[in-house]
Amino acid sequence: MSESVISIQGLRKSFGDLHVLRGVDLELHRGENVAVLGRSGSGKSVLIKIIAGLLKPDSGQVFVLGQDVERLRGKELDAFRQKIGFSFQNSALYDSMSIRENLEFPLVRNVRNLSRAEINRAVEEGLDGVGLLQTIDQMPSELSGGQRKRIGIARTLMLKPEIMLYDEPTSGLDPITSVEINKLINEVRERTGASSIVITHDLTCAKTTADRVAMLLDGTFERIGTFEEVFTDPDERVQQFYNYKFVE
Amino acid sequence: MQTETEPRTDLPPKASVEPGVFARFFINLADVATFIGRFFRELVLPPYEFKEIIRQCYEVGYRSLLLISITGFITGIVFTNQSRPSLTEFGATSWLPSLVAIAVVRAVGPLVTALIAAGKIGSSIGAELGSMNVTEQIDAMEVSGTNPFKFLVVSRVIATTITIPMLTMYTIFVAFVGAFINVNQNELISLTSFIQEIFGTITYLDIFTALVKSVVFGFTIGIVGCYKGYHSSRGTEGVGKAANSSVVTAMFLVFVEELFSLQILNAIRGS
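Taken in order, these protein sequences are the chains called C and V. Heads up: the first sequence begins at 1 in the numbering used here, then just goes up one per residue. Heads up: the second sequence begins at 1 in the numbering used here, then just goes up one per residue.
If we strip away everything but chain C, and leave its shape as in the complex, we get (with noise of 0.2 Å):
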């Protein structure tokens, strides 16, 4: 088995009297994709939030790339975020900003003495990997939801990052759309070898885009593995999510 790349171990957190993970324990491999399913409010994105620092625990250990999350302050937190690709459920992009400057605003802060050609070349690259380069100078509120998702990864992607977390990629998005963006998920792994947690409540974006799959079932991971594996389990909540087609 290859290197770890973010390690979990008894991961707690509450918001209130509303406990929502409840010793959660994971571990993610160098290269490896694992989806994370569970119904929503399960506290999927409380997880990865968690392992980008975006929110500290109540109680367990985070440890990604060999460091231990919670501790890290000031510029080593902001060199482990460079680390670390973060594609928001909304895309979050920045809509007081051009799709240009939104994918340079990561880029120009981070990676010093860059020249203005290398800064474009660099965008439109970024741009063109995820097939949208005509949009290069529109605005976020001109583009779909799709499209909106797409480019969300391609700013991310801009600082090269080891590890991608994915929360929700595939919400809200047509099932054509949600092909695509599942096959952009691959594309990525291929092509920059970081390994990935995707949160969703889409098994087809599970099945076609992990390597192995998480359960969250009442704040733990009750089923962790293949797809096959988990799926096969006869735990009535398991299948409950996995016999829901369509309501007539």
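Keep in mind the hints are simulated off the structure, nothing from the lab.
What follows is a set of in silico ranges between Cβ atoms, one per label pair, in the way DEER data are often shown:
#1 Gly37(V) - Lys75(C): 14 to 24 Å
#2 Ile54(V) - Ser115(C): 15 to 25 Å
#3 Leu77(C) - Ile54(V): 22 to 32 Å
#4 Met166(V) - Leu77(C): 33 to 43 Å
#5 Phe208(V) - Ser40(C): 55 to 65 Å
#6 Asp68(C) - Phe252(V): 38 to 48 Å
Here the structure is a predicted model, which is why all the values come from computation and not from measurement. Ideal placement from N, C-alpha and C gives every residue a C-beta, glycine not left out.
Using the hints, position chain V against chain C.
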């Protein structure tokens, strides 16, 4: 590496009791003090967001010019018109330019500018940062290794602190224009006499005080708007509350600061 799953003991315990009204007030006060402290720390530490500061100065200053022009002009006319009857009773209408000068420079100019800025700029900052918070744009900046506080808060507070004194001087000028048109029409006072009257009345201390007050007002409006927006609760309702609360709090603080500055100025003049 710690491997057991028991809660860590090196972290502060979670509060199990909800704080009361007074406790919440002091917690909020401590939050604001921390926010202001962080502003000054980030202000001096590199890197500096010069481009964003200039952009914000443009947003805050240039885009408020039309509103400030109209309001300042009308204030000058109305103030002159309202003061005339009282002065006429004492046969002192020739003092009208002096009265306008003192009132506009010492109080009306800085106060009107600050109140307009609190309404237009403070609410806009509160709503913009609140909206960025709700749509996770602030989180996105943070995870991209950028300091959102420096980029969003420091640049905006610097912009309001620099541009509101400039807008105040402009308001005073425009109010004088309005006042001159009014006295020129009614008392047939020439421009030269009007200017001589004004500059014969106001002192450097008056102008200096107006500038210092405006700097304080500008800082207050910027920091309140940023604090409310940056700490807005999630959801669109939170954005509205942040915008509204920015205006109300900033206006209240501007009046309190005006009162304090008046006391200080009176003490200086008395000594």
